[in-house]
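Undergrad: These are the residues of each chain, in order.
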Amino acid sequence: MSTFSGLSTALSSLNAQRQSLEVSGQNVANANTVGYTRQRADLTSVEPLAAASLFSGGLSTGSGVRVGGITRLGDIFLDARVRSETGSAAYAATRAETYARLESTIAEPTDRGVSHALTTFWAGWQDVGNSPNSDSARAVLLESATALADRISSGYAAVSTQWSQARTELTTALTEVNTTASGVAQLNEQIRGVLASGGSANELIDQRDVMITSLSRMVGANATHREDGTVDVMLAGNALVRGDEANAIEVRPGSADTLAESGKGVTLQWAGNGTPVGAGSGEVLALVSALAPAGDEGILAKAAASYDAIAATLVTQVNDIHKASFTTSGAPGGDVFGPTDPASAKDLHVALAGIADIAVAGGVDVTVDGVVTRRPKGTLDGSAADTMATLGASTTGPDADWSTFVVGLGVQSRSSTQRAAVTEATRATAEKLQLSTASVDIDEESVNMLAYQRAYEGAARVLTAIDEMLDTLINRTGVVGR
Amino acid sequence: MIGRVTQQTVQRSTLANLQTNLTRMSDLQNRLSGNKSITKPSDDPAGTASALALRSSLRQIDQQSRNIDDGLGWLTSADTALTTSLSTVGKARDLVIQGGNTGSLTPEAREALALEIEGLRDSLVSQANTTYLGRSVFAGTSSADRAVVAVTDATPRSYTTTNEPGATVERRVNADTTIRVDVDVTTAFGKDVPEHVGADGQTVPATSSVFATLDTIASLLRSPGGNPTDQLAALDGHRDAMLQQASGVGARHNQVLAAQSNAMAAKTELTAQLSGVEDADLAASIVELQMQEVAYQAALGATSRVLQPTLMDFLR
Numbered sequence: 001m002s003t004f005s006g007l008s009t010a011l012s013s014l015n016a017q018r019q020s021l022e023v024s025g026q027n028v029a030n031a032n033t034v035g036y037t038r039q040r041a042d043l044t045s046v047e048p049l050a051a052a053s054l055f056s057g058g059l060s061t062g063s064g065v066r067v068g069g070i071t072r073l074g075d076i077f078l079d080a081r082v083r084s085e086t087g088s089a090a091y092a093a094t095r096a097e098t099y100a101r102l103e104s105t106i107a108e109p110t111d112r113g114v115s116h117a118l119t120t121f122w123a124g125w126q127d128v129g130n131s132p133n134s135d136s137a138r139a140v141l142l143e144s145a146t147a148l149a150d151r152i153s154s155g156y157a158a159v160s161t162q163w164s165q166a167r168t169e170l171t172t173a174l175t176e177v178n179t180t181a182s183g184v185a186q187l188n189e190q191i192r193g194v195l196a197s198g199g200s201a202n203e204l205i206d207q208r209d210v211m212i213t214s215l216s217r218m219v220g221a222n223a224t225h226r227e228d229g230t231v232d233v234m235l236a237g238n239a240l241v242r243g244d245e246a247n248a249i250e251v252r253p254g255s256a257d258t259l260a261e262s263g264k265g266v267t268l269q270w271a272g273n274g275t276p277v278g279a280g281s282g283e284v285l286a287l288v289s290a291l292a293p294a295g296d297e298g299i300l301a302k303a304a305a306s307y308d309a310i311a312a313t314l315v316t317q318v319n320d321i322h323k324a325s326f327t328t329s330g331a332p333g334g335d336v337f338g339p340t341d342p343a344s345a346k347d348l349h350v351a352l353a354g355i356a357d358i359a360v361a362g363g364v365d366v367t368v369d370g371v372v373t374r375r376p377k378g379t380l381d382g383s384a385a386d387t388m389a390t391l392g393a394s395t396t397g398p399d400a401d402w403s404t405f406v407v408g409l410g411v412q413s414r415s416s417t418q419r420a421a422v423t424e425a426t427r428a429t430a431e432k433l434q435l436s437t438a439s440v441d442i443d444e445e446s447v448n449m450l451a452y453q454r455a456y457e458g459a460a461r462v463l464t465a466i467d468e469m470l471d472t473l474i475n476r477t478g479v480v481g482r
Numbered sequence: 001m002i003g004r005v006t007q008q009t010v011q012r013s014t015l016a017n018l019q020t021n022l023t024r025m026s027d028l029q030n031r032l033s034g035n036k037s038i039t040k041p042s043d044d045p046a047g048t049a050s051a052l053a054l055r056s057s058l059r060q061i062d063q064q065s066r067n068i069d070d071g072l073g074w075l076t077s078a079d080t081a082l083t084t085s086l087s088t089v090g091k092a093r094d095l096v097i098q099g100g101n102t103g104s105l106t107p108e109a110r111e112a113l114a115l116e117i118e119g120l121r122d123s124l125v126s127q128a129n130t131t132y133l134g135r136s137v138f139a140g141t142s143s144a145d146r147a148v149v150a151v152t153d154a155t156p157r158s159y160t161t162t163n164e165p166g167a168t169v170e171r172r173v174n175a176d177t178t179i180r181v182d183v184d185v186t187t188a189f190g191k192d193v194p195e196h197v198g199a200d201g202q203t204v205p206a207t208s209s210v211f212a213t214l215d216t217i218a219s220l221l222r223s224p225g226g227n228p229t230d231q232l233a234a235l236d237g238h239r240d241a242m243l244q245q246a247s248g249v250g251a252r253h254n255q256v257l258a259a260q261s262n263a264m265a266a267k268t269e270l271t272a273q274l275s276g277v278e279d280a281d282l283a284a285s286i287v288e289l290q291m292q293e294v295a296y297q298a299a300l301g302a303t304s305r306v307l308q309p310t311l312m313d314f315l316r
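Protein chains in written order, with the numbering used here: chain A, 1 to 482; chain B, 1 to 316.
No wet-lab data here; the hints were simulated from the structure. No experiment lies behind these values; they were computed from the predicted model shown. For each residue, glycine too, the CB sits at the ideal point set by N, CA and C. Possibly wrong hints are sitting among the right ones.
Simulated coverage check for chain B against chain A, where a stretch passes if three residues somewhere in it have a Cβ under 8 Å from a Cβ of chain A [what the hints assert, rightly or not]: (1) 181–193; (2) 246–254.
Interface residues of chain A toward chain B, partial, derived using beta-carbon atoms under 10 Å [claimed, not checked]: (3) Leu174; (4) Thr175; (5) Val368; (6) Gly370; (7) Val372; (8) Thr373; (9) Lys377; (10) Leu380; (11) Ala389; (12) Thr396; (13) Asp399; (14) Ser403; (15) Thr426; (16) Ala451.
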C-alpha cells in the first residue's frame, strides 16, 4: 500500500460520481424524448491490487470505484408485448375507420338516404295512379325516380372512391414499411459495430426500437434479439429485417387496381422471391382485408355488391310490373330503370324517355274469337301503380334489402369500433407498463443526482483528509527543536 | 405488477383521460345539438332498423292520407250526383202521374209536361256527367270527359256510355285495403240494350237507361192517347238502382272516413314511436352533459396540478 494510493481511490470516486451525474443529466435531458429508455451507470468497486511480490502481505483495501458500464433499463418482454398489442390495435382501428367512413356515405337514417328516396318513389306511383291524367304527378314521379337512381349510383361511387383511396393508402404504407425496414437494417449494422468496439449503443437501440414498433403498427411485425446486438424483424415467419439486410414487400403484380376488378383481390408478396406474405396484423393487413374480394369478406367489395344487389332487385321488380302495365295510349310499358342485363348500381339510370312513357294501367285478358289478348283495364286505370307502390312494403323488395344492408353495416361498424376500443385499451396498458419501466422519473433522477453530488463531496473530503495527513507528514515532521 | 410511476406515465394517462372525457363531451354535444340519438347506424343498429321501418310506414301513411282525400272527393261527387238524380227522378215520377190523367189534360198541357220531362232528362244527363278533377266520376277508368253521350241526330235519341266494363277506380286507404270510389254509369243510370240472344242461348230482354225511359215518357205524352204511367214501373226500377248505388256510395264513404281517422291515429302513434327511437332525450342528455362538464373540468384541474411539482421545487 503506497502513500498515495488513497489519492487515486478518491480520484476514482470523483470520476465515477461525475460520470454517473452525467448519465443522470442525459436522463433528465431526455425526459420527454419519445422512445428514450432511461440509463444507469453501473458502479463497481475495484478490488485491491494483488502485488505479485514475495514480500507483499497484510490487509489491503480496495482501490476505489469504476463505472462498469451504462445499462439501458429496458425490458425486452414488455417491448415485445407492446409490439404485439400495437399490431392488433392498429389492425382493429384501421378496420373500424374503414367501416366508419363507409357508414358516413350511406346517410341513414336521414332524409338524404336511399331509404327516403325509395319511399318517395313509391309514393309517387300512387299519386300517378290516383290521377293518371295529371302531368304534374307524372313529372314528380319521373323526378323521384331520377333522384333514387342518382342516390344509389352515387352511393356506389362513394364506395368505389373509398376503395381507390384505400388502395393508394396501401401503396404509401408499403413504401413506409420498406423504408423503415432498411432503416432498422442500417441501425443494426451501426449497433453491431459500436458494441464490437466496446462502446455504448443505447441511443441507437432506442431509435431502432421506435422503428420496430412502427413496423409492428404497420404490418404487425415482431422482433427477435440476437447475440451480436442486432435484431431480426419477423413478419409471419419470414424476415423483414435480418441483421443488416432488409427484405422489401410489395403488392403482387396483377392485383386489383379499381373496385370494378376487386374480384382479382389485392395480395402482398416478398419483392425478392415472389412468395406471398402470410397473415399478419397492423394497418397494412387491415387495408388488404378491406380491399379483398366480396367473397373473401372484403368490407368495401361487399358493400359494393350489396348496392348491386339492391339495384338488381329494384330494376327487376319495377321493370317487371311496369312492362305488364299500359300507358295512357294503350302501349305496354317499357323499362323504368336500366341497365337491365346485368343490372348495376354504378350505371343505374332512368330508362323512361318522358312522362308519357309511365304506364300505370293494369292489364286484363280479353278473349276475342278464341284469341287471348291483353289490353288495359281502362285508359285512366291506375291499378298497376298501386301494385308498384306495394313493392315498398314487400319483404323481398329493395326497401327490405336496403334496410338489411344498413343494419348489417351498423352492426359490423359497431362491433369493429368496440373491438378497436378494447385492443387500444390493451395496447395502452402494455405501453404504460413499458413506460413505467423505461421512462425517466425526474424525482428519482433528482435523488440520484443528490446522492452523486454528496458522494462527490465525500470523495473530495477524503482527498482533503489525505492531503492534510500528507501535509502533517511532509511539513510538520522532523522539525523538532527547530 | 406494481408499476413504477414517472412523470411520463402520469402525463400519458392524464392525456388519455382528458381525451376520453372530451370524446364523451363531443358525443353528447352532437346528440344535443342535432337532437338525434341515432346519427349513424352503428349508434344503435336495432334502433336504426326500427327507425327505417317507421320512417317508411310514416311515408306510406302520408300517401294513404292523400289517397283518402282523393277518394273522398270522388265519393262526395258521386254521392251529390246520385242524390240530385234521385230527386230529379222523383220529380219526373210526379209529372208522369200528373200526365196519367189523360182525360183532363189538354194537348198543350201534355206538351208542357213533355218539355219538363225533357228538361229533367237533360239535368239527369248532366248529373251522370259529373266530374271530379277533370275526370267523370261515372266513367270509371275511361279517359272520356263524359260518362253519357246523347246522340241527338236520331229519333228517338240514343245514349252511349263510355265507361270500361268491369274496370273500377280504387284508392288504397291502408296497407291491405283498397276501396272503390267510382260508380258505374250503367248500374246507376241503366243502359240501352235491345233484346238479344245471350251467350247461354237464352233471350235477354231489352233494357233501357233512365234517359231513354224519360224520352219514351215524353213521346207518350206528346202522342194523343198515350199513357205515360206505363213507364212508372221502369222509372221505379231506375230509382231503386240509383238508391242502391247511393247507399253503396254512402257505405264506402263511411269506410273511407274510418280509414282516414285510423290513418291519423296511426300517424300520431308512429311519429311518437319514431321520436322515441330516434330523438335524443333532451333532459337526460343535458344532465349527462352537465355531469360530463364537471368531470372534464375536474380532469383539467387535476392535470394542471399533477404535472407541476417535482422534487426540483424543494431541493435547494
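Undergrad: The structure should be examined with respect to each hint, and the outcome stated for every one.
TA: Here is what the structure says about each hint:
1. Requiring three or more residues with a Cβ within less than 8 Å of a Cβ of chain A, the coverage given for the stretch 181–193 of chain B is violated, as only 0 such residues are present.
2. Requiring three or more residues with a Cβ within less than 8 Å of a Cβ of chain A, the coverage given for the stretch 246–254 of chain B is violated, as only 0 such residues are present.
3. Because the smallest distance between the Cβ of Leu174/A and any Cβ of chain B comes to about 30 Å, over 10 Å, the interface hint for this residue is violated.
4. For Thr175/A, the interface hint is violated, since its Cβ never comes within 10 Å of a Cβ in chain B; the closest pair sits about 30 Å apart.
5. The beta carbon of Val368/A comes no nearer than 14 Å to any beta carbon in chain B, farther than 10 Å, and the hint placing it at the interface is violated.
6. Using the Cβ-Cβ criterion of 10 Å, the hint placing Gly370/A at the interface with chain B is not satisfied: the shortest such distance is roughly 14 Å.
7. Given the 10 Å rule on beta carbons, the hint for Val372/A is violated: about 16 Å separates it from the nearest Cβ of chain B.
8. Because the smallest distance between the Cβ of Thr373/A and any Cβ of chain B comes to about 15 Å, over 10 Å, the interface hint for this residue is violated.
9. Checking Lys377/A against chain B by beta carbon gives a least distance of about 4 Å; that is within 10 Å, so the hint holds.
10. With 10 Å as the threshold, the beta carbon of Leu380/A comes within range of chain B, its nearest partner Cβ sitting at about 5 Å, so the hint holds.
11. The interface hint given for Ala389/A is met, as the beta carbon of that residue sits about 7 Å from the closest beta carbon of chain B, less than 10 Å.
12. A least Cβ separation of about 15 Å between Thr396/A and chain B goes past the 10 Å threshold, and the interface hint is therefore violated.
13. Interface hint status for Asp399/A: upheld, as the beta-carbon distance to the closest one in chain B is roughly 6 Å, under 10 Å.
14. Contact between Ser403/A and chain B, as hinted, is supported at the beta carbon level, the nearest pair being about 5 Å apart and thus within 10 Å.
15. Taking 10 Å as the C-beta cut-off, the interface hint given for Thr426/A is violated, the closest approach to chain B being about 13 Å.
16. Taking 10 Å as the C-beta contact cut-off toward chain B, the hint placing Ala451/A at the interface is violated, the least distance being around 12 Å.
Of the numbered hints given earlier, the model fails hints 1, 2, 3, 4, 5, 6, 7, 8, 12, 15 and 16; all others are met.
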